[in-house]
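*Asks:* Taken in order, these protein sequences are the chains called U and L. Mapped onto my numbering, the consecutive letters of the first sequence carry residue numbers 51 to 375. Mapped onto my numbering, the consecutive letters of the second sequence carry residue numbers 51 to 375.
Honestly, the hints are just simulated from the structure, not real lab data. Misleading hints may appear alongside valid ones.
Which copy is meant is left open, so a pair is good if it fits within one copy or across any two.
In silico lysine-lysine, PhoX-like type, Cα no more than 20 Å apart, as pairs [as the list claims (entries may be wrong)]:
hint	residue 1	residue 2
1	Lys186	Lys74
2	Lys311	Lys110
3	Lys147	Lys173
4	Lys186	Lys167
5	Lys348	Lys300
6	Lys110	Lys359
Protein chains: 2
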Amino acid sequence: MIDNQKRYIEIINSTLAAQDFLDKPAELFEPITYTMALGGKRIRPFLSLMCCEMFGGDIKDVLYPALGYEIFHNFTLIHDDILDQAEIRRGKETVYKKWNTNIAILAGDTMFAIAYKYFFKTKTEYIIPSLEIFNKTAIDVCRGQQYDMNFETQENVTIEDYIEMIRLKTAVLLGACAKTGAIIAGTTSENANKIYDFSEKLGIAFQLKDDLLDLYSDESLFGKKNGGDIISCKKTFLFIKALSLCDSHKRRDLTHLYNEKNISPDEKINNIKNIYDSIGIKDITELEISSYYQKATKSLQYVNVDEDKKESMYNFGNQLMKRIY
Amino acid sequence: MIDNQKRYIEIINSTLAAQDFLDKPAELFEPITYTMALGGKRIRPFLSLMCCEMFGGDIKDVLYPALGYEIFHNFTLIHDDILDQAEIRRGKETVYKKWNTNIAILAGDTMFAIAYKYFFKTKTEYIIPSLEIFNKTAIDVCRGQQYDMNFETQENVTIEDYIEMIRLKTAVLLGACAKTGAIIAGTTSENANKIYDFSEKLGIAFQLKDDLLDLYSDESLFGKKNGGDIISCKKTFLFIKALSLCDSHKRRDLTHLYNEKNISPDEKINNIKNIYDSIGIKDITELEISSYYQKATKSLQYVNVDEDKKESMYNFGNQLMKRIY
């Protein structure tokens, strides 16, 4: 089964490496080539290929739409990095930083268009259904990004608000990748919807895990210092959940601390971690992650294919859940 | 025939007015609603409707793709206004100015996705061919915008460079609108290509006319002062052509003047206009416009439909060419 995973990644990476993103003018297409060469885990196209094969499809048919999703994902990163003023991505300078904001806006727009182009390269009968899912998903991802921006200044963000934000910003795209693989394999719409649900719930669990690992991970493995979300005052699951569980006294402390500027980063992280620990936020978050992962696997149970075909999916989910950095 | 034009515009405007662009979160969709309500000449959907009917199609079939083009065009304006730091559009504040740059980036991205959605609302057999034209055109428009940005700092911009830039930035979109109308009417690919050529050449003539009217128009009719392009140091057809025709002495003067900062706007415009007048740049530009308009009408002659059906097209072209502000 691990061999299958290696095979998918090899196909994705070798096909991506064979794409020529360069066109004229170079000023527009060099940042695109740069971004696509930065790497990344390629989880989205991976999911499309795996789903397609699970339902007996030929991965050749889903390969280009799968790459379309990867290109789309990379476009969102280029624009998100402008919005967040993030200077480093995957260890290298972000596009707006390396070139400038105008080029990053326009290169992103161009990649968004290029992503669509890849959906035309599947069997004719699957082009429209694939494009419709992709298109709806693209709008939802933008909606999620706007919610995320709103939360920066919004005072009362509930857990429900937060889950809906990460669902839109991160999880629906995984759902769409899976569903596209299923549709192109020609399976039933029931199966396609169940595998969508599996991937969407897995996506939520994945993002919650991200929030957790930002503070509670082995720094030597994670490769960066814990507490980045606290330093950038991000309203994560940990923070929102902690606020909702605090008594009024602690709530005031936590709110005050989170926005405190006149304190060293290490002290800020430590003080907030102490509050989190006193509530047991690590266990609470792990429970929430498990709960979404259980919802995911429940959907997978209802998928109507031989159980042994689901093995890759379970393995994939378990791997995402087990990651410790 | 004028009645037909009124009818097209009425259908476009009433259908646009009936669209509900609002969704959640409001912060994302209010700028979209605002932009789509700003008006404009609606030339692009107009061209789609007119072409569709010329080839015997039902305009109901092309209406939504036509609106898709209008939405796309408005998306490009939102992002272009960020790139150009333009604060006013159609007499109102631009999106990035009224809200902020982050919202303008994200609202633009969302509109780009919404534009695609409109292409799904035509007869099934025309969805893919329409989307393919739209998609290719969207990439070309981005390329044109990048060339335009490059020209700001590029020293030697030739007339050929400039024409290629306005072809990509402006003209191909008109071509695509026309061709989509033709395809959805079910005409031959020869006809569809000829009407594309007509509209593309007309688009180039239209943009050259824009350059001309920026300096040589009746200010009382134009509603704004002449010479805006000179003040913002834009490399227009007038400037590039004048440079290419000057002797080395005048060329130095013109280059120097164009970048001069320590001079009143009125004096700068007057001095440059004097150089232009000494070369006869107004007549030269008018000749170039005529030449592109003749190429356009030549393509229209080759379109294989009854001559009386072409009347709307000729009228439309003549109107664009006759505009004096």
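*Asks:* Does each hint hold? Answer for all of them.
*Replies:* Results of checking the hints against the structure:
In this assembly of identical chains, the alpha carbons of Lys186 and Lys74 lie at most 20 Å apart only when taken from different copies (14 Å versus 30 Å within one copy). When the C-alpha separation of Lys311 and Lys110 is checked against a cutoff of 20 Å, the pair qualifies neither within a copy, at 53 Å, nor between copies, at 59 Å. In the homo-oligomer, the alpha carbons of Lys147 and Lys173 never lie at most 20 Å apart, since the shortest distance is 39 Å inside one protomer and 44 Å across protomers. Proximity of Lys186 and Lys167 under a CA criterion of 20 Å is satisfied in both settings, with 16 Å inside one chain copy and 8 Å between copies.
Neither within a single protomer nor between protomers do Lys348 and Lys300 lie at most 20 Å apart by alpha-carbon distance, with minima of 37 Å and 78 Å respectively. For the identical chains of this complex, Lys110 and Lys359 are intra-copy neighbours only, at 18 Å inside a copy versus 47 Å across copies, given an alpha-carbon limit of 20 Å.
Checked against the numbered hints given earlier, the structure breaks hints 2, 3 and 5 and satisfies all the rest.
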